[in-house]
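Asks: Here are the chains, one letter per residue:
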Amino acid sequence: MAEILGGVFTSHVPAIGGAIAKGLQKDDYWRPFFDGFPAISEWLSEKKPDIAVVFYNDHGLNFFLDKMPTFAVGAAPQYDNADEGWGLPVCHSLKGAPEFSWHLIEHLVGADFDITTCQKMLVDHAVMVPFQLLWPDAKEWPVRVVPIAINTVQHPLPSPSRCLALGHAVHDAIEEWEGDERVVVVGTGGLSHQLDGERAGFLNKDYDKFCLDSLGPSPEALIKDTSLDIIEKAGSQGIEILNWIAARGAVGGRVVEKSRNYHIPISNTAAASLLLERV
Amino acid sequence: MHAEKHAIPGTTPFDGDMARRGYELNAMCYSFNDAENRKAFLEDEDAYCDKFNLTEEQRRAVAARDVLAMIAAGGNIYYLAKLAGIFGLSVQDLGAQQTGMSVDDFKAKLLAEGMEA
Numbered sequence: 001m002a003e004i005l006g007g008v009f010t011s012h013v014p015a016i017g018g019a020i021a022k023g024l025q026k027d028d029y030w031r032p033f034f035d036g037f038p039a040i041s042e043w044l045s046e047k048k049p050d051i052a053v054v055f056y057n058d059h060g061l062n063f064f065l066d067k068m069p070t071f072a073v074g075a076a077p078q079y080d081n082a083d084e085g086w087g088l089p090v091c092h093s094l095k096g097a098p099e100f101s102w103h104l105i106e107h108l109v110g111a112d113f114d115i116t117t118c119q120k121m122l123v124d125h126a127v128m129v130p131f132q133l134l135w136p137d138a139k140e141w142p143v144r145v146v147p148i149a150i151n152t153v154q155h156p157l158p159s160p161s162r163c164l165a166l167g168h169a170v171h172d173a174i175e176e177w178e179g180d181e182r183v184v185v186v187g188t189g190g191l192s193h194q195l196d197g198e199r200a201g202f203l204n205k206d207y208d209k210f211c212l213d214s215l216g217p218s219p220e221a222l223i224k225d226t227s228l229d230i231i232e233k234a235g236s237q238g239i240e241i242l243n244w245i246a247a248r249g250a251v252g253g254r255v256v257e258k259s260r261n262y263h264i265p266i267s268n269t270a271a272a273s274l275l276l277e278r279v
Numbered sequence: 001m002h003a004e005k006h007a008i009p010g011t012t013p014f015d016g017d018m019a020r021r022g023y024e025l026n027a028m029c030y031s032f033n034d035a036e037n038r039k040a041f042l043e044d045e046d047a048y049c050d051k052f053n054l055t056e057e058q059r060r061a062v063a064a065r066d067v068l069a070m071i072a073a074g075g076n077i078y079y080l081a082k083l084a085g086i087f088g089l090s091v092q093d094l095g096a097q098q099t100g101m102s103v104d105d106f107k108a109k110l111l112a113e114g115m116e117a
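Heads up: the sequence lines are chains A and B, in that order. FYI, in UniProt numbering the residues of the first sequence are 1 to 279. FYI, in UniProt numbering the residues of the second sequence are 1 to 117.
Be aware that one or more of the hints could be misleading.
Dumping the calculated PhoX-like pairs for lysine-lysine here, alpha-carbon to alpha-carbon at most 20 Å [unchecked claim]:
no. : chain 1 : residue 1 : chain 2 : residue 2
1   : A       : 233       : B       : 109
2   : B       : 5         : A       : 233
3   : B       : 107       : A       : 205
Pairwise CB distance ranges (calculated) [as the list claims (entries may be wrong)]:
no. : chain 1 : residue 1 : chain 2 : residue 2 : range
4   : B       : 15        : A       : 42        : 40 to 46 Å
5   : B       : 36        : A       : 25        : 49 to 55 Å
6   : A       : 45        : B       : 4         : 51 to 57 Å
7   : A       : 182       : B       : 60        : 52 to 58 Å
8   : B       : 60        : A       : 99        : 49 to 55 Å
9   : B       : 63        : A       : 226       : 35 to 41 Å
10  : B       : 50        : A       : 258       : 54 to 60 Å
11  : A       : 258       : B       : 63        : 48 to 54 Å
Where chain A lies over chain B, by a calculated footprint (3+ residues, C-beta under 8 Å) [unchecked claim]:
no. : region
12  : 34-42
13  : 46-59
Treat the hints as calculated values from the structure; they're not laboratory data. Just so it is clear, CB atoms sit at the ideal spot from N, CA and C, and this is done for glycine as well.
Required output: the full structure, derived from the provided sequences and hints.
Replies: Structure (structure tokens):
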């Protein structure tokens, strides 16, 4: 039976990728954010996961508005990164885990989640920035990956409760997998930020703290709001907390918080990282 | 009948109405994932807008580099960011423009929020 090691949660602001490319990790502006990661990287090198299940949102690299799946599960042997239009270096590709992906897909559809299945799928900064943060010195990515994209772009968005339920179904599927792989769950994006409109630059420390405090011990507290309630509290793009909520569901069970960091600002974002280990 | 929309100050949720209104503009911006398309836009902006059948409202907003007007015309910020990237503008530049602040003031406001206890 596969083992779920825990969950890693991090912001995925594109500018972080730019800072990594320029080697700015120790600059005054960036250091308080990057300081959150050595503890997580050490935990990963100690726990040695084989597979990462990554909940994220695509920002117009793989999906356009012609076809916008609510939940899309990768089933590819390899996931390529590509030019997103504003100058981030293209990262090297990720290896997939197609048999494991299809097991998840079978389980999810069996549990009444009408997902979209992707045998080809480009992954954008929402996957690649976290990978660069978690495995900063990797010449080759040390894990295979199953990306699960949640629509946070075009309303109606899935509800927070549905995202948690999706995570729970992924959890059950991982636990049923007969292989002995060690699995880490990753949730990316957030925390509070808004890029668009007259309210651009909006942040909400109180709501972010509530999210960080609740995610481990009581994720149900986060699903009392609708997605629009969360946008009101966390900003238009703060809704990316849906990825964290789904990932927390996939970790399942009880967890202990091993690491937390919160820093304002990275670009327009209240940036955070969190490590929750399964107990 | 649509249910009454959940109004959020200074925010336009990108719903079905906006997604329909903005389809052409967003399609053009999506094309800017490709470096050749970015180059083609810079070489002949009018012709490039024609190719994507932008509405008059969208063309005016793009010509004016007016982000709020692009959003009103159905633009989604994730796609608009790719247009901004052509001009070397970041989301902080866009934030400053939308809030009527200088870029320095906009950045300072965010830094100040980080300083508060």
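Asks: To test your reading of the hints: which numbers does this structure violate?
Replies: 5 and 13
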